[in-house]
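Residues 574 to 648, numbered by the numbering used here, are exactly what the sequence shown covers, in order.
Everything labelled a hint here was simulated from the structure, so no lab data went into it.
These figures come from a predicted structure and were not determined experimentally.
You can take every hint at face value.
With a straight-line cut-off of 20 Å between C-alpha atoms, the simulated EDC-like cross-links for lysine to aspartate or glutamate are:
hint, residue 1, residue 2
1, Lys602, Asp615
2, Lys602, Asp629
3, Lys602, Glu612
FRET-style restraints, in silico, Cβ to Cβ:
hint, residue 1, residue 2, range
4, Ile585, Arg620, 26 to 36 Å
5, Gln618, Leu590, 18 to 28 Å
6, Val577, Gly614, 39 to 49 Å
7, Met640, Glu612, 42 to 52 Å
8, Ala630, Gly601, 16 to 26 Å
9, Ile594, Gly637, 12 to 22 Å
10, Ile643, Phe622, 27 to 37 Å
11, Met574, Gly600, 37 to 47 Å
12, Ala582, Ala625, 18 to 28 Å
13, Lys602, Ala630, 14 to 24 Å
14, Ala630, Tyr578, 17 to 27 Å
15, Gln616, Phe596, 18 to 28 Å
16, Ala580, Leu627, 20 to 30 Å
17, Gly600, Val645, 29 to 39 Å
Backbone N, C-alpha and C fix where the C-beta goes; we use that ideal spot for every residue, glycine too.
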Amino acid sequence: MEIVYLAAAIIISVSALATGIGFAMLGGKLLESTARQPELGDQLQTRTFIMAGLLDAVPMIGVGIAMYLIFVVAG
Numbered sequence: 574m575e576i577v578y579l580a581a582a583i584i585i586s587v588s589a590l591a592t593g594i595g596f597a598m599l600g601g602k603l604l605e606s607t608a609r610q611p612e613l614g615d616q617l618q619t620r621t622f623i624m625a626g627l628l629d630a631v632p633m634i635g636v637g638i639a640m641y642l643i644f645v646v647a648g
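Using the sequences and the hints, build the whole thing.
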C-alpha cells in the first residue's frame, strides 16, 4: 500500500512542477508579446487569464486522482 502513497505524491509533485513551468512560460510570452505590440495588451491579458484558468485545472485533476488513490485504492 505504500506504493500508492508514493504514486500519489509523484502525481501531485509533477503536476505542480509542470503547472509552475507553464505559468512561467505563459507570463514570459505575455510580457514579450505586450512589449512588441503594446496596443494589444488588453486582448493578450484577457487571453492569458483564460489560459491560466485552463492551466490551473491540471494540478486540480492531479490532486483529485491522488486523493482517489489514497482514499479508495489504499483505503
